[in-house]
Amino acid sequence: MKVLVPIKRVVDYNVKVRAKSDETGPDLANVKMAINPFCEIAVEEAVRLKESETAQEVIAVSIGSNACQEQLRTALALGADRAILVETELEVEPLGVAKLLKAVVEKEQPDLIILGKQAIDDDSNQTGQMLASLLSYAQGTFASEIKIEGDKIDVTREVDGGLQTVSLNLPAVVTTDLRLNEPRYASLPNIMKAKKKSLDTLTPEELNVDASPRIETLKVSPPPERAAGVIVESVDELVEKLKNEAKVIT
Amino acid sequence: MSILVVVEHDNEELKGATLNTVTAAKEIGSEIDLLVAGFSCDSVADQACSIPGIGKVLVANKESYKNFLAENIGTLVSEVGKGYSHILAAATSNGKNFMPRVAALLDVSQVSEIISVLSEDTFERPIYAGNCIATVKSSDPIKVITVRATGFDDCEVEGGSATKEIVDLDSNLGISSFVGEELAESDRPELTSADIVISGGRGMQNGENFSLLEGIADKLGAAIGASRAAVDSGFVPNDMQVGQTGKIVAPNLYIAVGISGAIQHLAGMKDSKVIVAINKDEEAPIFQVADYGLVADLFEALPELESKL
Chain A
2 MKVLVPIKRV
12 VDYNVKVRAK
22 SDETGPDLAN
32 VKMAINPFCE
42 IAVEEAVRLK
52 ESETAQEVIA
62 VSIGSNACQE
72 QLRTALALGA
82 DRAILVETEL
92 EVEPLGVAKL
102 LKAVVEKEQP
112 DLIILGKQAI
122 DDDSNQTGQM
132 LASLLSYAQG
142 TFASEIKIEG
152 DKIDVTREVD
162 GGLQTVSLNL
172 PAVVTTDLRL
182 NEPRYASLPN
192 IMKAKKKSLD
202 TLTPEELNVD
212 ASPRIETLKV
222 SPPPERAAGV
232 IVESVDELVE
242 KLKNEAKVIT
Chain B
1177 MSILVVVEHD
1187 NEELKGATLN
1197 TVTAAKEIGS
1207 EIDLLVAGFS
1217 CDSVADQACS
1227 IPGIGKVLVA
1237 NKESYKNFLA
1247 ENIGTLVSEV
1257 GKGYSHILAA
1267 ATSNGKNFMP
1277 RVAALLDVSQ
1287 VSEIISVLSE
1297 DTFERPIYAG
1307 NCIATVKSSD
1317 PIKVITVRAT
1327 GFDDCEVEGG
1337 SATKEIVDLD
1347 SNLGISSFVG
1357 EELAESDRPE
1367 LTSADIVISG
1377 GRGMQNGENF
1387 SLLEGIADKL
1397 GAAIGASRAA
1407 VDSGFVPNDM
1417 QVGQTGKIVA
1427 PNLYIAVGIS
1437 GAIQHLAGMK
1447 DSKVIVAINK
1457 DEEAPIFQVA
1467 DYGLVADLFE
1477 ALPELESKL
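Chains A and B, in that order, give the protein sequences.
All you need for my numbering is the position in the first sequence, starting with 1, plus 1.
All you need for my numbering is the position in the second sequence, starting with 1, plus 1176.
With the rest of the complex left out, here is chain A (with noise of 0.2 angstroms):
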């Protein structure tokens, strides 16, 4: 089998994004760069699957500037086996990263992709099922288990009352939740054994789609802003507040 790993790069989740003071778009000057945290959990679960040898080969891919790189060779160091970057300058919308993606699957035919469930700068949560869409393949979106019978998969999906799991032909689209899996740090060996590893690049061109946006920002600001709240001495002095003063308990 071969799986398709689909990631993004992203300002890493540690960094608190302000909106820039003209309010043209967010203030991303300096700011440190990561693999988005659902891709990586899509990566290591890949990689388990090649260790498991349900897998064979893992290709990690990546639709972004030259520096998504950076990105793709972490997924080599993780245990990807090749990488792919589509290279553009432009910003390319979830629906175009799903038409990127599925001119990839033509030219791969893996059985399986797996994706992140969302990015955390757009917060979008799309691809993925775009790209199944497309694909006419069936999904497993926010997974936290998957069980490979035949050619069959089995996805366990977190949804807002609990969890639900249901069956998918293969091959498939997979996006991954929280509690799939906890990624493993690349060794220092396999960091040096990454810089090795085949990184082919291609264009939106070369794959003849046209990802240009549909969709225009025209601001982006701050969120409003909380109020400075007070620090209360003991529970009386809060029940008290919540009662009187706040009103939202009697």
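Quick caveat, the hints were computed from the structure, so don't treat them as lab data.
Honestly, I wouldn't trust all of these hints.
[As the list claims (entries may be wrong)] Here are the simulated DSSO-like cross-link-like pairs (lysine-lysine), alpha carbons at most 27 angstroms apart as the crow flies:
| id | chain 1 | residue 1 | chain 2 | residue 2 |
| --- | --- | --- | --- | --- |
| 1 | B | K1191 | A | K153 |
| 2 | A | K220 | B | K1202 |
| 3 | A | K242 | B | K1395 |
| 4 | B | K1456 | A | K244 |
| 5 | B | K1484 | A | K244 |
| 6 | B | K1449 | A | K17 |
| 7 | B | K1456 | A | K248 |
| 8 | A | K21 | A | K197 |
| 9 | A | K248 | B | K1395 |
| 10 | B | K1395 | A | K244 |
| 11 | A | K242 | B | K1238 |
| 12 | A | K244 | B | K1449 |
| 13 | A | K248 | B | K1449 |
| 14 | A | K248 | B | K1484 |
| 15 | B | K1242 | A | K148 |
| 16 | A | K220 | B | K1395 |
| 17 | A | K220 | A | K33 |
| 18 | B | K1395 | B | K1313 |
| 19 | B | K1484 | A | K242 |
| 20 | B | K1456 | B | K1484 |
| 21 | A | K17 | B | K1238 |
| 22 | B | K1313 | A | K153 |
| 23 | A | K17 | B | K1313 |
| 24 | A | K21 | B | K1395 |
[Claimed, not checked] Derived DEER-like restraints, expressed as beta-carbon distance ranges:
| id | chain 1 | residue 1 | chain 2 | residue 2 | range |
| --- | --- | --- | --- | --- | --- |
| 25 | A | M34 | B | E1332 | 45 to 51 angstroms |
| 26 | A | K17 | B | S1409 | 52 to 58 angstroms |
| 27 | B | E1341 | A | D28 | 23 to 29 angstroms |
Even for Gly, the Cβ is constructed at its ideal location relative to N, Cα and C.
Position chain B relative to chain A; hints supplied.
Relative to chain A, chain B alone:
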């Protein structure tokens, strides 16, 4: 301009998130139809008909839609939605699952989790865990939108008399099937619609200690939530997680207990009207968003709080 709202339900009851979504639709335009897709879902269709200001309630009643498999529902909604200018659904785990399929089938982008409507094509949505609010304008002929419930009030539920219309489309792709589910049973209000929420974090130390929250929740009629740390540590199940990628809540009162206040948790609760933080670490970031902070050991503060309510 006409708007299709996909109703969120469980084949028996229309879910609250639908009401916020209808309110969002009413801010976009006045011609609104609802789609109820499910199986043996007549009671849901009846409830949908009584929502005021609705034109038609379209009912797709087929076994293929019983478990809301995204493959089947997505195909149905894209077919039915072709004649509309806007397709809206709540940004629940269900809406998030099928709506991007609808958008891809219609070859349009999706606008996820809007929190306000500025005009028929311009919306506000949070990005970067709510640390920025983006104003976005869609140029697509059909706007596919998911709605964050906390951004909009509930619409009225009584007084309407919409007409039912059967949609005889069976979009069974046959590539996925439902195996089973484990749903949490609780007599407490739903996390996303409760007036009061009390949440525990890593500071609770284990799952048993969540009983300290239960006594208070019972007295206040509150729902119980948790931080990611508490869920990852196995204290409580995933459906209790409040945060960027869990549930987004905005109750009148949110009580955070033993929660440090990571960016990702704040993203899920910082629009609450009043926030209380109880934490023994006075440096915890949760105090920066709290209206009332109590620096105390939760194992002493919680029993005392319960006794004084």
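Can you give the numbers of the hints that this structure goes against, from lowest to highest? 1, 8, 11, 16, 18, 21, 22, 24, 26, 27
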